[in-house]
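Participant: These protein sequence lines are chains W and D, in that order. Using our numbering, read the first sequence as starting at 1 and increasing by one per residue. Using our numbering, read the second sequence as starting at 1 and increasing by one per residue.
Hints were generated in silico from the structure; no laboratory data involved. As the structure is a prediction and not an experimental result, all values here were calculated from the model. Careful, some of the hints might be misleading.
Footprint (simulated), chain W over chain D, 3 or more residues, beta carbon under 8 Å [as the list claims (entries may be wrong)]:
id, region
1, 37-51
2, 101-108
3, 169-176
The following residues of chain W were derived to be distant from chain D, with all beta-carbon distances above 10 Å [as the list claims (entries may be wrong)]:
id, residue
4, P67
5, M69
6, L73
7, S80
8, A91
9, S135
10, D139
11, P159
12, D186
13, R222
Quick reminder that beta carbons are idealized off the backbone N, C-alpha and C, glycines included.
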Amino acid sequence: MKHLARWQWTRGALALAPVLVLVAALASSRAAAARTVRQPAVARQTADGRPGTMQGRLDSLPAEVRPCMGCHLNPGLALSYRDSTGHLHQASIDLAAYEASIHFHSGERACGDCHTGDYSRVPHPADNPQPTCLSCHDDYRQEYASIDAMAHRSVHYAPDAPMDFDCGTCHSPHSMRPARELTVADRNAACIDCHEHRYNPSGLTLAQRHAWHPQAALHLDRIACIDCHTQPAGAGYAFRHDILPKEQATSDCYACHGANTKMTAYMGSYEGGRPQPYTRGQLLEDYYISGGTRSPLLDRLGLLFMLLVALGTGLHGLLRWCANRRGWCAFMQIGSETP
Amino acid sequence: MKDVYMVTRPERTWHWVNAAGIVVLALSGLNIHFAREFNLFGTLPAAIAVHNLVGILVSINYMAWALYLVRTGRIRYYAPDHDDLAGGLLRQTRYYLFGIFHDAPHPFEEGAARKFNPLQKWTYLGIMTVLLPLQVVTGLWLFHLIQAWQDAGTALFQVLGVAHTVLAILLTAFLIGHVYLATTGDTPWAHFRMMLTGYAASHVEAIPEERGNKS
Numbered sequence: 001m002k003h004l005a006r007w008q009w010t011r012g013a014l015a016l017a018p019v020l021v022l023v024a025a026l027a028s029s030r031a032a033a034a035r036t037v038r039q040p041a042v043a044r045q046t047a048d049g050r051p052g053t054m055q056g057r058l059d060s061l062p063a064e065v066r067p068c069m070g071c072h073l074n075p076g077l078a079l080s081y082r083d084s085t086g087h088l089h090q091a092s093i094d095l096a097a098y099e100a101s102i103h104f105h106s107g108e109r110a111c112g113d114c115h116t117g118d119y120s121r122v123p124h125p126a127d128n129p130q131p132t133c134l135s136c137h138d139d140y141r142q143e144y145a146s147i148d149a150m151a152h153r154s155v156h157y158a159p160d161a162p163m164d165f166d167c168g169t170c171h172s173p174h175s176m177r178p179a180r181e182l183t184v185a186d187r188n189a190a191c192i193d194c195h196e197h198r199y200n201p202s203g204l205t206l207a208q209r210h211a212w213h214p215q216a217a218l219h220l221d222r223i224a225c226i227d228c229h230t231q232p233a234g235a236g237y238a239f240r241h242d243i244l245p246k247e248q249a250t251s252d253c254y255a256c257h258g259a260n261t262k263m264t265a266y267m268g269s270y271e272g273g274r275p276q277p278y279t280r281g282q283l284l285e286d287y288y289i290s291g292g293t294r295s296p297l298l299d300r301l302g303l304l305f306m307l308l309v310a311l312g313t314g315l316h317g318l319l320r321w322c323a324n325r326r327g328w329c330a331f332m333q334i335g336s337e338t339p
Numbered sequence: 001m002k003d004v005y006m007v008t009r010p011e012r013t014w015h016w017v018n019a020a021g022i023v024v025l026a027l028s029g030l031n032i033h034f035a036r037e038f039n040l041f042g043t044l045p046a047a048i049a050v051h052n053l054v055g056i057l058v059s060i061n062y063m064a065w066a067l068y069l070v071r072t073g074r075i076r077y078y079a080p081d082h083d084d085l086a087g088g089l090l091r092q093t094r095y096y097l098f099g100i101f102h103d104a105p106h107p108f109e110e111g112a113a114r115k116f117n118p119l120q121k122w123t124y125l126g127i128m129t130v131l132l133p134l135q136v137v138t139g140l141w142l143f144h145l146i147q148a149w150q151d152a153g154t155a156l157f158q159v160l161g162v163a164h165t166v167l168a169i170l171l172t173a174f175l176i177g178h179v180y181l182a183t184t185g186d187t188p189w190a191h192f193r194m195m196l197t198g199y200a201a202s203h204v205e206a207i208p209e210e211r212g213n214k215s
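Let the sequences and hints guide you as you build the complete structure.
Facilitator: So this is what it looks like as C-alpha cells:
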C-alpha cells in the first residue's frame, strides 16, 4: 500500500515536470526580455542623471541654450580649434559646469547674451566679435585693469610665452564661479588643466615636479598652486595673478612655517567660504620644528657650536695621541723627545 | 689594580638604550628640522613617527632609571661632596688641559666609593636633572601628550619649540664630548669595557677618606 502511494507521488511529479520547465523557461525569457529593454535605458543615463541620448539631452536643456548645444554639447565632435596665437579653444561645453556657473545663474544665460554676431552659418564667421569680461562687466573696469596689470607681470605674459593669454584662457566663462565657492581643487584645476596635460614641456607629472618637497603630496592636496607660485609683494587683490617663474616660487619651509610669514599673512584656508588666515595653532600642529618655531640664526649658532665641540675634542684627541709619542707626531718627528 | 664592579646591569641597560635612543632622536630631529637638506629617513612623516616613538621610549627609560637610582640608593654617586667644589673642579680641569698629555694620574680615580670626577658629576647632574627632563617635558608637550596649557596660545608653542631645539643642540654637543671623554680612561677602551661588562680596573680602595687623593 505504502509502495503504491510512493509510485503515484513519483508519477505525479514526473507529469508536473514539463509544466514546471515550461513555466521556468517562460519566466526566464520574460526576464531576459525585460533586461534587454532596461539595459540601454540605464546606459543612456549620464553621470549627472540626464538622458544620455543626444535628443534626450537637448530636450532637457533650458530653451535659452538649446539652439547652440546641438553641436556644442557633444564632446565627441571635433569642435576644438587653434586660433592664430596657438591657443586651443575647446568649443564643447560642459553643461553641468555651465549650469553651476555664476553666468548661468545671473540670468544672462542664453548663448547670444555674450556671443553676438552671426552664428547662423557653420563654420561661424571668424570676424564675429569675441566677448570679453568687460563686454558685460564694465562697472569692474578699474579692478580688472589692476588684475590685468598684475597678470602682465606673470610668466604667462613673458615674451617667450607659447601663446597669448586673456582672462578666459584660465578662467572659462562657461564654468566661472564666485571665488568664495571654490575649493583648493577648483582653484588648482585652472593651472593643472594646462600644466599637467596641454603645456608640460618637462613631461613630468605634477608629483614628480614637486618631489623635492618633503611633504609634496600633502601640499599639492591642501594648498593652492598660487600660494607658492606668487608672492605677496605690493598692494593688490587677495588672489594674485602675477605667476612667477618657478625659480622665484617659494621653496623655503621657513617662508611659510613661521611667525608672521607668508602662511599667516597671505595664504588662507579655502574650504567653506572666503579665505581665512590660518591660526598659529593650525600652523604649528605637526609642524613645530620644521619651520613653525625655526630660527635660522639659532640653526647657525647651534651647528657652529656642535662643530666647535667636535673640533675641540678632535684637536684634544690628536694632541693626546701626539703626546704619547707613538703616533703620527713621532713619525713626523713633531714630538720633542724620542720614546 | 683590581677589577671593581662599578655599573650594575640595570644601569648598563639604561645607558645603552638611552644612548641608542638619543642618537636616533638626534638624527630624526635633524631630519625633521632640516626636512629638505637632511632627509635620512626617506620621508618627513617617517622621521616624525620615529622621533615620536623613540622619544616616548627614552622618556620611559629615563623615568625607570631615576626610579632605580632612588630605590637602590645608587643616586648617592651623583651627590656632590666637598671634593666636587671649586678645588676639585680646578684639579680635574687642569688634568684635562695639561696632565692628560703627560700621563699624569687621574686626579679622581673611579672606585667603589666614587664613580665620577667633579666635572663629570656636575655635567651628569645638570644633564639628568635639568636638560633631559626639560627635553622630555617639552617634547611630550609639543606632541600634545601633556594636555596642560595646550590652549595657551602660540607664544608658548614658539618658546617651547625653540627650547626643544636649544636643548637638542646642548644634548648633542654633550654626546660628542661624552663619547670623546670616554676614551680618556687608563686605556682608550677602559670606559667602554666598563659600560659593557660593569667592571673597571681601579687602584683605589673603597675607603671614602682616601678617594680622589692620588695626585
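Participant: Please list, smallest to largest, the hint numbers that this structure does not respect.
Facilitator: none
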